[in-house]
Amino acid sequence: MSDTERRATLVRYSSGERTNHWLVALGFVLAALSGLALFHPALFWLGNLFGGGPWTRILHPFLGLFMLIVFLPLAASVWGDNRMLPADWQWLRHLKDVVNNREEHLPEVGRYNAGQKLLFFVLGACMIGLLVSGVVIWRVYFSLYFPIGVIRLASLVHAVCAFVLICAILLHIYAAIWVKGSLHAMLRGTVTPGWAWKHHRAWFRQISHAAHPRTRPD
Amino acid sequence: MALQSLDIVRRSATTTAPPGVRESYAGTVAKLIDTTKCIGCKACQVACMEWNDLRDEIGTNVGVYDNPPDLTEASWTVMRFAEYENPKGDLEWLIRKDGCMHCADPGCLKACPAPGAIVQYSNGIVDFHEENCIGCGYCITGCPFNIPRISKRDHKAYKCTLCSDRVAVGLEPACIKACPTGALVFGTKEDMKLHAAERVADLKSRGFEQAGLYDPPGVGGTHVMYVLHHADQPQLYAGLAPDPHISALVGLWKGVSKPIALAAMAFTVLAGFFHFVRVGRKEIDERDEAAGRQALEGAPQRSAPQRPGSAPETRNPDKRP
Chain B
1 MSDTERRATL VRYSSGERTN HWLVALGFVL AALSGLALFH PALFWLGNLF
51 GGGPWTRILH PFLGLFMLIV FLPLAASVWG DNRMLPADWQ WLRHLKDVVN
101 NREEHLPEVG RYNAGQKLLF FVLGACMIGL LVSGVVIWRV YFSLYFPIGV
151 IRLASLVHAV CAFVLICAIL LHIYAAIWVK GSLHAMLRGT VTPGWAWKHH
201 RAWFRQISHA AHPRTRPD
Chain V
1 MALQSLDIVR RSATTTAPPG VRESYAGTVA KLIDTTKCIG CKACQVACME
51 WNDLRDEIGT NVGVYDNPPD LTEASWTVMR FAEYENPKGD LEWLIRKDGC
101 MHCADPGCLK ACPAPGAIVQ YSNGIVDFHE ENCIGCGYCI TGCPFNIPRI
151 SKRDHKAYKC TLCSDRVAVG LEPACIKACP TGALVFGTKE DMKLHAAERV
201 ADLKSRGFEQ AGLYDPPGVG GTHVMYVLHH ADQPQLYAGL APDPHISALV
251 GLWKGVSKPI ALAAMAFTVL AGFFHFVRVG RKEIDERDEA AGRQALEGAP
301 QRSAPQRPGS APETRNPDKR P
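Listed in order, the protein sequences are those of chains B and V.
Be aware that the first sequence starts at 1, since it is given in the numbering used here, and climbs by one per residue.
Be aware that the second sequence starts at 1, since it is given in the numbering used here, and climbs by one per residue.
It should be emphasised that the hints constitute simulated quantities derived from the structure, not laboratory data.
Treat each hint with caution, since some may be false.
To be verified - Here are the in silico distance ranges between beta carbons for each label pair:
no. : chain 1 : residue 1 : chain 2 : residue 2 : range
1   : B       : 93        : V       : 255       : 35 to 41 angstroms
2   : V       : 281       : B       : 25        : 17 to 23 angstroms
3   : B       : 173       : V       : 171       : 57 to 63 angstroms
4   : B       : 29        : V       : 27        : 23 to 29 angstroms
5   : B       : 96        : V       : 151       : 33 to 39 angstroms
6   : V       : 255       : B       : 147       : 41 to 47 angstroms
What the hints assert, rightly or not - For lysine-lysine, the following PhoX-like pairs were computed, each having C-alpha atoms within a straight-line distance of at most 20 angstroms:
no. : chain 1 : residue 1 : chain 2 : residue 2
7   : V       : 37        : V       : 152
8   : V       : 204       : V       : 193
9   : B       : 96        : V       : 282
10  : V       : 42        : V       : 193
11  : B       : 96        : B       : 180
12  : B       : 180       : V       : 282
Every value quoted in this text rests on a predicted model; they were computed, and no experiment measured them.
All C-beta atoms, glycine included, are put in the ideal place defined by N, C-alpha and C.
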């Protein structure tokens, strides 16, 4: 057992939350790869991962729906912790400090920091945009119900939302690499007291105040 | 229709030059549809079915002469009948043979995400290569004339090929061959324009002041052109677009924004990598761990039962380290 694992005693994500997160991640990877195949010719080869062009066209909407459906319980469970508070706007004003690993002037962060909260809202907005536009351009079942102008607009909206979503997730993935211990938190569920103290001090105070702290039996 | 043709000027979803060593030195081709000579006999529709071995489903009479009522994957051309009461109070029966216009700037090709599913030959014909088609329907989204149709059976897009197989071996399209009135003519685009000019002059001399050629510049001109009695009002002819062009939304969707978006995604990844290299990770050092442990351990114990190995459950909120 490594040092980190031995010290990681605070439960940050339950097994249910972790499962949910990784199901969304799986849905995202599959939907993004199949969607990118249709996004630009340079990436058409990605369609081979799904059995070729027609199979990519057939599967992509279902993969997107899968991502959306598993995102719903995740969104519901983290909704309450993602409300933007005055301290979050202060945190965002110090984004330069955040990016340069200077924590001294940052306000205390709750369960999620302002970046994570913004990510949450961007993901939610993109998913809604992708769902609505995706239905309109789902040629086999739905496109016949929409006028051509709406289909054209939806095609554009779908591409824009997908682009924003993919960029946001790329940042999310990097942030998980950047903030050491985050990946372990989402894989095994726990963080060290030092991690919680440094990155999410308000959350740390909250859970250590609680009568029944969320801790893991060894 | 896939013949190894070596005369491809544009190929869908392809960013390098397609095989185009053979050029049309005689010029591009065009079909001229003279609506003023058309009697609506539908011989062209039959010839199209026959040459291309297409048999549409037997439908029902929808109350007008249009039969079938719309283009389908098996009906690549249909006659559209419009009744127009002119300002003098006379009825004009305007008949237009509808089908692919073979745009010089084809919206279908621009929108298509499947490499080689749509090609444009140097003679101007825009052709679908259905074996490369993935059935997404983007060609329909891109088309300014509402022409491509997706088969419900094989989920491929179909439309008029301008008989690219016949033209490739020096024959005229099947519909031209069958037309009994000379309303359909085929040749080089230049010749067709000259022929149309004669027809327009003739029509003007007989009172059709607004007669003209329909070769819309918004799509770079077309390789199927109409002679219209009312060239100032193309919409009279069952909704022929007065000023067709590739929609700005499609242009934005499929234009320069795509490579820029792709570059932005790559840049996001690179930005992360170089941030890692230049700034590095946010790590927890011993002081953080000590502070965290102290905060936990400094908390006063309560009487609630503790699980073995669990952290102390509470601390004094006021006692900050």
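Verification of the hints:
| no. | hint | result |
| --- | --- | --- |
| 1 | B/93 with V/255: 35 to 41 angstroms | 37 angstroms, holds |
| 2 | V/281 with B/25: 17 to 23 angstroms | 21 angstroms, holds |
| 3 | B/173 with V/171: 57 to 63 angstroms | 58 angstroms, holds |
| 4 | B/29 with V/27: 23 to 29 angstroms | 51 angstroms, violated |
| 5 | B/96 with V/151: 33 to 39 angstroms | 57 angstroms, violated |
| 6 | V/255 with B/147: 41 to 47 angstroms | 22 angstroms, violated |
| 7 | V/37 with V/152 | 35 angstroms, violated |
| 8 | V/204 with V/193 | 16 angstroms, holds |
| 9 | B/96 with V/282 | 14 angstroms, holds |
| 10 | V/42 with V/193 | 24 angstroms, violated |
| 11 | B/96 with B/180 | 19 angstroms, holds |
| 12 | B/180 with V/282 | 6 angstroms, holds |
When each numbered hint is compared with the structure, violations occur for hints 4, 5, 6, 7 and 10.
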